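Peer 1: So you can see what is in the structure, the chains are spelled out below.
Number of protein chains: 4
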Amino acid sequence: MNTFGRNFRCTTFGESHGKAVGVVVDGCPPGIPLAEADIQPYLDRRRPGKSPLESARQETDRVEILSGTFEGRTTGAPIALVVRNRDVQSGDYDALRDVFRPGHADYTWQAKYGLRDHRGGGRSSGRETLARVAAGAGAGRRPSPYRLAVPGRLIEVHAATDPAAMESEIRAARDAGDSVGGIVEVTAAGCPAGLGDPVFSKLDAAIAGAMMGIGAVKGVELGEGFGAARLFGSEMNDPITEAGFSSNHAGGVLGGISTGQDIVVRLAVKPTPSIRKAQRTVDTAGKEREISVEGRHDPCIAPRVVPVAECMLAIVILDALLEQAKYRGFSGE
Amino acid sequence: MNTFGRNFRCTTFGESHGKAVGVVVDGCPPGIPLAEADIQPYLDRRRPGKSPLESARQETDRVEILSGTFEGRTTGAPIALVVRNRDVQSGDYDALRDVFRPGHADYTWQAKYGLRDHRGGGRSSGRETLARVAAGAGAGRRPSPYRLAVPGRLIEVHAATDPAAMESEIRAARDAGDSVGGIVEVTAAGCPAGLGDPVFSKLDAAIAGAMMGIGAVKGVELGEGFGAARLFGSEMNDPITEAGFSSNHAGGVLGGISTGQDIVVRLAVKPTPSIRKAQRTVDTAGKEREISVEGRHDPCIAPRVVPVAECMLAIVILDALLEQAKYRGFSGE
Amino acid sequence: MNTFGRNFRCTTFGESHGKAVGVVVDGCPPGIPLAEADIQPYLDRRRPGKSPLESARQETDRVEILSGTFEGRTTGAPIALVVRNRDVQSGDYDALRDVFRPGHADYTWQAKYGLRDHRGGGRSSGRETLARVAAGAGAGRRPSPYRLAVPGRLIEVHAATDPAAMESEIRAARDAGDSVGGIVEVTAAGCPAGLGDPVFSKLDAAIAGAMMGIGAVKGVELGEGFGAARLFGSEMNDPITEAGFSSNHAGGVLGGISTGQDIVVRLAVKPTPSIRKAQRTVDTAGKEREISVEGRHDPCIAPRVVPVAECMLAIVILDALLEQAKYRGFSGE
Amino acid sequence: MNTFGRNFRCTTFGESHGKAVGVVVDGCPPGIPLAEADIQPYLDRRRPGKSPLESARQETDRVEILSGTFEGRTTGAPIALVVRNRDVQSGDYDALRDVFRPGHADYTWQAKYGLRDHRGGGRSSGRETLARVAAGAGAGRRPSPYRLAVPGRLIEVHAATDPAAMESEIRAARDAGDSVGGIVEVTAAGCPAGLGDPVFSKLDAAIAGAMMGIGAVKGVELGEGFGAARLFGSEMNDPITEAGFSSNHAGGVLGGISTGQDIVVRLAVKPTPSIRKAQRTVDTAGKEREISVEGRHDPCIAPRVVPVAECMLAIVILDALLEQAKYRGFSGE
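Protein chains in written order, with our numbering: chain C, 1 to 333; chain Z, 1 to 333; chain G, 1 to 333; chain Y, 1 to 333.
Heads up, a few of these hints could be off.
The list makes no distinction among identical chains, and a pair is therefore deemed to hold if it is satisfied within one copy or across any two copies.
Below, a list of computed lysine to aspartate or glutamate pairs in the EDC-like style, where the Cα atoms sit at most 16 angstroms apart [what the hints assert, rightly or not]:
| hint | residue 1 | residue 2 |
| --- | --- | --- |
| 1 | LYS19 | GLU71 |
| 2 | LYS287 | ASP98 |
| 3 | LYS277 | GLU235 |
| 4 | LYS287 | GLU242 |
| 5 | LYS19 | GLU36 |
The set of hints was computed from the structure by calculation and includes no laboratory data.
It should be emphasised that the depicted structure is a prediction, and the values quoted were computed from it without experimental measurement.
Can you make the complete structure from the sequences, with help from the hints?
Peer 2: Shown next, in the form of structure tokens:
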């Protein structure tokens, strides 16, 4: 299912080398100012080709709002956002038509659907995240007394945690024709207490699903995360005082519901699967092949996960805010 | 929302100290043999009070099938499973009526709903997982050529990984009036390739949501998980040979779709928040209080997460199998 | 799918001659007073056996609230309502085990699922509506400044529109070993303007789906309904004045959204398919048979559709109120 | 919610005078041949301006497939279909900016959202149905042994049932500056037995919701429909013989599940609300106004409902086929 969210529903479409990538946002409240200029900066930030360490693909992505606004404001109608694909060098992928790239969705997509658009990963391309960023950018436009902010950053690359060391690790991997993984942390500040459901649709469960739903992510944790396994209850529990919680080991969620503190999420991002180094694989006929993935690839995809993770976190929280608003609006009748 | 799953939809209900806990399973295929005796062993396995290291609460839970079967087989109608609550000592909780236990959902539930059933955690109690286990037990009854198995186990407690050492850690925590966290690993064997969607409804995203939706879980990872952040692409990518994948760093999912290998999931479980040790908190009037949570509590909840995680993983996979069956059934018309 | 509603979600379960019939209501706002005594009168009203013209089946249905309330109020947790089946004379149905009753779901259920609970129609029995009435009764308990009322009544039986004439038609059909159809009208008074969506999830579309989803209903119309096909636009359009709409040909919905006027719905109910008169049919082996359906059947099912239609209309409107409350609550933050 | 369908999910977007109207179809099985040329004829058929009795608006609608196909076949990825709006004379609507047209969604949209795109009805325009037709055209492309056909036709206008008489009624209404209603009948031939669910998601309930969800529709009936209220059970029940059902009073659905016979649906369509004749209304300030709706309007909208109803019926049936395919595919594993 290509739709995310219960109340703020984002349906993305598009393939890496198709005509366009886009999203229909359904459930956005009416009256919110929204124009292309509000969304474009988020896409620019996500865009590759800005540093020598990133893919050189030139994506001069221009978003167009096709529907859902009138005189600069949302109307309550579905908002369709479309970005035309331009810098498409599909020929680059001809050699990959019948070969499954290791670490990619090539093999599994074929197993599932029986046919696939091999060009640039098709629907499974990271380019699809552009649609999520566009939707999340819209989410960020909502006026609110909460002043939600969702800053993310790269906190680790191949065990390095210092920015210069992280850059050095990425450079070394690139020069070796290889790639390297990393860890991203996103924090949501300004989220009120009371968001999320006690069972199944917990806020942290929704966050985990959203984050693991980003390509290349292999792990998600909140607050102490995996470190919680090494703590005592007396260390993990956040005492409550008259001034509020005195620590945030929980990462902003207790029993699936937000505490009002910062929501702190970390994502483990695997190394970019496309590497120049030779790898063993098979073709669609099952015959073994050696493959070296040429082309424009990020040696570390983690930095580019940052804006996507931010946008997904914003969408999850906005979705929960709308869910919670139901009760407020109802009792306030 | 108290419903989990798109095709195999489980709606749970019930509170720790209410009349009953149960689940309605909607979307179960017809013709599958199902009786109380098929479900009961899973509940018995989940039940506490079996070891000195577990809560002494005696839950002689007997499941009753209220609907959805006829002459021992499912009919395609919704299956209601109910377990009456019996060993209810609500009086134990009188002292907690107006106090928020640290690490629990007490504070957040109050923030969300404005009122709460304080007895034993109410709806946020771990007892609700009984309903998930019952549903998952039903899921396990499906006949299939795949012979899906979802064995789980405790692999770490407070950094200890040897069973005797783990038990010792739990005992020490208990004796100190404290609790301790752990890590659980669940593996799904026999899952065919092709399950899960490429975007949003990825199999690993669904698994992450399901696992983080279990109480006390603070982190989820597949395959190399957070370790992937320290690997090179040439280490992480699983080569494909004529005999299939030659390693499983991915943990059985690529691009959100199952590879046909084992699906390997790990969960970080925080220490049980209920501890005898004194903690600072506030009451519903906002006044500071010191609290010592007496009663029957597991010093380490991680072992009891195992059967719940197994059942949730079985449900996620069955749900994805049904989704995938749509295409098979359609093209086979 | 056995769930109805987007915000106020009702999942029913149970068969006519199984152990119980019930419903789980998920999404009910917290803080609403609710006890068995609030629901029971609705069930009593729906119950058959109250007049010589109704089925003599004695259903002393007692509802039990299994979850979702605490100290007499809803908590926001799912509300499970269960009614045990008692006066079950399954033996009556032995003769029907292998025969498809004309006009019933016997043949189609078998075609769909390959097996069926033949006793009293199984899941397709009208007894399932008991669960909807219980859910709708809960819906009626919500406190609101709107004072929503959903009175329904029988307005036509076999072309007769006078109550005495309708009763006479029913009596004549019964005495002839036959049954007869009728028309039910339900009006929702007190529904505010602004409920329903402009596309797909229109309020009238939701109402039509809910009403056609009641067994034996073959047609649904709002306002002028089929009569609108014989009107000019100048007759059909409701003029708007400073005092509001000056007529209600629309039946309370324009463009899928409520106008604030009464919502007027009519349902065509077919004659009870169970009749004593001999009918031709086949058995499960495909062999022709003659059948005469003995047992306790209403000669006209339309009167018993009234409370079900009322409850379904209440549920649809409450669901739309909650949906609309989202926007109110959100902008009011 | 702007999404229709559970398995074949159609999310439409766009306003009458915005940049484009479109649909994202999610859940379409892979491998189905699909090109713009397959969809265009359906749009051409829906297009107005083909007869002197229709709106003169020249909609040279050209559909573009933005995603979801590769080398002429569907891939399983979401299919985005977009039609740019061209012949937009928004100036025509300036006079209507602050006035609520009677019989339209103007008043109710304002009540719901607090602001609206007044141009041509905005999102509530009949032009949105273009997206549904595009989606339904795609639905019609599926290869199937069932050879589903969904022919619709106008069967009544202002009580006239003869084609010449119907045309004469429409002409007379137009010449009087008025409009007139009608009845549309759509039949689905080739639908297998077993589609639809026994409760809530009944096939006829889904059809009723889909049909009432088309603008201007005020009533829906299947088979005998409202006429069933005037029949005896012995007349209404369809006898079953070795050769199958010997009549089709039910209209192809029993107990919510298809019988395998033709599905026969009738829709009551109200007169076009836009008429030249003077009508009383109010403006957004609540002040009374007289309005005469000039512009290009169909004096009878019923003929143009035909292709929309056909497409919606095809979508509902395809959705149910996919749902049913789940069980087939599952048991066939």
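Peer 1: With reference to the structure, classify each hint as holding or not holding.
Peer 2: Status of each hint after checking the structure:
no. : hint            : verdict
1   : LYS19 x GLU71   : between (28 angstroms within a copy, 13 angstroms between copies)
2   : LYS287 x ASP98  : within (10 angstroms within a copy, 55 angstroms between copies)
3   : LYS277 x GLU235 : between (45 angstroms within a copy, 11 angstroms between copies)
4   : LYS287 x GLU242 : between (67 angstroms within a copy, 6 angstroms between copies)
5   : LYS19 x GLU36   : between (19 angstroms within a copy, 13 angstroms between copies)
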